[in-house]
Amino acid sequence: MHPAYSIIFFTVLSGLGYGLAAVLGLGVLDAAAISTRVAHVLALGMIGAGLLSSTLHLGNPQRAWRALSQWRSSWLSREGVMALASFVPLTIAAGWSMFSGEAAPIAGVLGAAMAMVTVYCTSMIYASLKSIDAWHTNLTSACYLAFSVSGGLVGASFFAFLAGDGVARVLSICACVALGIAWLLKLRWRRRTKTLVPLSTPESATGLGSMGRVRLFEPPHMTANYLTKEMGFKVARKHADKLFTIAVLLGGTAPALFLVGAMLAAPGAMPVMAVLLSGAAFAAHIAGLFFERWLFFAEARHSVMNYYGS
Amino acid sequence: MTSLPEQATPKRLGLVIDLDVCVGCHACVVNCKEWNTGGYGAALSDQEPYGADVSGAWLNRVHSFEVGEAEQARIVHFPKSCLHCESAPCVTVCPTGASYKRSADGIVLVDEDKCIGCGLCAWACPYGARELDLAAGVMKKCTLCIDRIYNETFEEVDRVPACVRTCPASARHFGDFADPASAVSIMVAERGGIDLMPEQGTRPVNKYLPPRASKPLKDSSSLLAESTEGATGFFAWLDGMLDRI
Ligand code: SF4
Ligand code: SF4
Ligand code: SF4
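Those protein sequence lines, which keep their order, are chains V and B.
With the first letter of the first sequence counted as 1, position 287 gets the number 287 in UniProt numbering; the numbers rise by one all the way through.
With the first letter of the second sequence counted as 1, position 93 gets the number 93 in UniProt numbering; the numbers rise by one all the way through.
Just so you know, these hints were derived from the structure itself, not from any lab.
Incorrect hints may appear among the rest.
[As the list claims (entries may be wrong)] If you want a taste of the chain B side facing chain V, the calculated C-beta under 10 angstroms gives, among others: (1) Glu34; (2) Thr37; (3) Gly38; (4) His63; (5) Val91; (6) Ala122; (7) Pro126.
[Said to hold, decoys possible] Covered by chain B, per the in silico footprint, the following chain V stretches (three or more residues, Cβ under 8 angstroms): (8) 103-112; (9) 152-161; (10) 170-180; (11) 191-198; (12) 201-211; (13) 214-226.
The beta carbon of each residue, even a glycine, is placed where N, CA and C say it ideally should be.
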């Protein structure tokens, strides 16, 4: 599948934003700290930027509101509805924290739950497509949720260190555990993708399997078309493996090491060091997620390629 | 509404495509574009129509496959347009209600005034039967030529899809699959019509008739030029002379 930047941006940023908003909503951070208020704004900003970015790839974005209508059948519609609905408690929680310096537990917990449901809906847009073997698994949703949570915890750790909050170390430990779980799930997802037997083949796609092996002799047109551009993207296996290693190192190993460093640096003498290290952890994790998400699209094969000989 | 009709549609209109007969001339491809670029919905745009990298939206395309091994291999021309699936995944994923399946005759259509051009339906279709029009930003797909088949200002013979009407080999047939006595139903029954990718669970309405078995090459009598047996007159003399050289 073509890795469109608008969609990569959307899934990475909104996933992180929802994760951070969920951790904030649970009221773990000191609501009075300036950094916590900044974190609230950042979370909403990331969600908003992600959603805006997702409209960039639409052919007719001015009609985007119509996408809220078909929640009965469409995961994309459900995602849109949940995204808008979850803005209400999340904005209340953020606003309350900003102006009163206190946590808003009901709005916060409700917002956290709705944020996770929204991420689940996002993941189901992809996981529900039977035409794309790599995505059509519960592991896809598990990975989206796990990365949202791990991103939220890494981000929250940074803001806790920034506030000099004692909860920072607990958060960092949770973040490291979440990172481990997320990347283990992702490794399983990728092993499945690489070893799966395609549901459809050129033989089943043409119905000619009983006559023997089916190979493309002539494509319908000499040049590329919408289908081959949108669904025929291929990334060389050796590059994909390297990119995946980079994704794990940046998105998993580096943030975990940085967080351990921050925990060691935290007590007493070196708060600045802890802030810098946890900030680096957050940045590295985000960068790693971009690699991970790019591959999520680039490595997925669509069944229509059975008609195009690749 | 992008939920599918709850009951089986009383009519199931669709196409039979005869892979034994199709000669791969692409006439249906061209006439489909010709008819539909001026018919239902936005025109079918082309990008860089006169450039080296031309591309555009088409509702019907012909692929050619090589099937089988070595001496048994044969070429099969393979026209492909929307199969108007009964469990159409392209319909249920649509967030706007633009994509729908008509409860009366099962035709799958896009209401272009509602389509936001998100492209999700094209991802959901396992067959690649939907293409985004890059100029209008809306999804295009085969309409089963809805503006022909019900058009009472047309003569009866023209009330079939453009691709069916134009095919010089009669490889495409239009009809109602819900009616067991219709020509298409009989054809499918007699020739063993097949579903494409049944494993995707889409339950396509369109059916494909497989190529008839061909005589293996090695069973064919040796080529004429290989044998001079039975030659008479001048050719018998020439045969004898040439043998002596
Ligand atoms: S062929 Fe594709 S576009 Fe047509 S109804 Fe089936 S899934 Fe939808
Ligand atoms: S591209 Fe249009 S028809 Fe297709 S899913 Fe999106 S809104 Fe619906
Ligand atoms: S039925 Fe009409 S729209 Fe569909 S492939 Fe044939 S000519 Fe094109």
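field: Hints breached by this structure
entry: Violated: hints 1, 2, 3, 8, 9, 10 and 11.
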